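Q: Line by line, the protein sequences give chains A and B.
The opening position of the first sequence corresponds to residue 40 in this note's numbering, with each subsequent residue numbered one higher.
The opening position of the second sequence corresponds to residue 2 in this note's numbering, with each subsequent residue numbered one higher.
Rather than coming from a laboratory, the hints here were simulated on the basis of the structure.
Values in this document were obtained by computation on a predicted structure and should not be read as measured data.
The beta carbon of each residue, even a glycine, is placed where N, CA and C say it ideally should be.
There could be a bad hint or two in this list.
Said to hold, decoys possible - Partial list, computed: chain B residues near chain A (C-beta under 7 Å):
#1 L161
#2 V197
#3 F199
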Amino acid sequence: MKRTTLDLWVGIFVTAGVVALFILALKVGNASNVSVSDGYRVVAEFDNIGGLKVRAPVKSAGVVVGRVEGIALDTRSFRANVTLRIDKHYPFPKDSSASILTAGLLGEQYVGMDGGGDEQNLKDGDRIKITQSAIVLEKVIGQFLYGKAAENNSGGTNKK
Amino acid sequence: MIDTLASGIRLVGHRTVNAVWRLGAATRFMGLVLSRSAMSFRRFQLTLDEIHFAGVLSMIIIIVSGLFVGLVLGLQGYETLKRYGSAEAVGTLVALALVRELGPVVAALLFASRAGSAMTAEIGIMKSTEQLSAMEMMAVDPFARVLSPMFWGGFISMPLLAAIFSVMGIFGGYLITVVIIGVDSGAFWSQMQASVDFRSDILNGVIKSIVFGAAVTAIALFEGYDAPPTAEGVSRAVTRTVVTSALAVLALDFVLTAFMFTGV
């Protein structure tokens with residue numbers, strides 16, 4: 040094969056490979072999306088984080104504003120300390136609240152942020168004081184059954 | 002009785018010594034290939050030849066098999082996910098399966114049987130017809146002139162082939178589920194993009210394919226160089242290349258997966 044045609048084919052091959060990598064990165068993956076490398080960290084304390092995982096998204100009004108960076112158990116209060124890294128383009132007031140929500144019925148869990156009304160914004164290292172824990176399905180069912188039983192005991196004579 | 006026992010133990014010892022010796026020889030061989038690789042970059046034309054041989058000529062088989070793997074994954078995934086009412090997640094399934102595992106692994110297996118076997122045969126025959134010795138006589142280093150350009154050609158080609166394989170597979174999955182079956186195209190892409198992560202999925206897949214490329218090429222070169230200089234020896238070396246590199250790819254894949262995707 041002639042030198043120039045060989046070079047041409049190698050060029051086509053390498054270009055195709057690099058284009059394939061770019062397609063993977065941009066179209067298939069989400070490299071173009073937020074990767075929060077610089078942002079500020081805040082810690083939120085939860086009674087129960089359910090199935091929350093590291094790298095789960097932090098969303099506010101459905102928009103991804105950050106990621107969960109670390110999860111640890113505070114052995115004095117026995118509550119979960121969840122470190123959130125939030126994009127620096129999204130400042131939140133100091134009295135914002137965080138709650139653990141589930142995407143869809145069986146989807147993955149994420150942290151929802153609701154903005155408050157404070158004048159000052161959250162800074163690096165701040166704590167979020169108002170939190171709402173994950174809903175654990177077994178507890179909800181347990182409470183429901185308990186409530187049903189109590190209802191039957193109190194007014195159960197005429198209702199069967 | 003004692004005699005047969007002793008000979009059995011001697012056989013085990015002989016096999017072990019042999020295996021360790023071969024491992025040492027392979028390591029020294031790779032050391033030589035890597036240390037003499039300056040020429041493959043100074044005269045890059047040599048490496049380009051090998052990229053053409055290992056990469057460009059493997060492109061057709063990679064494209065076709067990638068497409069068919071994607072078609073099958075899309076079809077099977079759709080049939081299963083349909084039962085749970087989440088047929089849109091088929092994009093996630095196809096993309097994750099290809100990018101994490103099937104792309105690097107199947108591309109490496111194809112690469113081993115398409116390019117690795119040919120490398121072994123080429124070097125084995127060059128050795129048995131004493132072309133390598135002839136080069137040395139002319140003060141041309143066969144490691145610098147033949148072996149290390151081959152290594153770098155394979156090393157560069159393999160990640161690109163794996164990427165092409167994955168993209169063709171995802172295209173195949175798109176073709177069967179969105180174009181033919183009629184899954185919503187927006188949900189297909191958005192669910193895929195929501196769950197495929199650049200660093201932990203795509204970058205790890207690329208790292209896998211680089212490791213596989215290096216392993217397959219190294220095995221192919223060593224088997225060729227180590228082949229007994231007979232027709233039978235070369236044919237056995239080619240077989241060994243395909244078998245060993247397939248096993249090496251699968252074992253390495255397990256190890257890499259265990260490191261990459263099970264972290265806390």
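Q: Evaluate each hint against the coordinates.
A: Hints, verified against the model:
no., hint, in the structure
1, L161, "holds (3 Å)"
2, V197, "holds (5 Å)"
3, F199, "holds (4 Å)"
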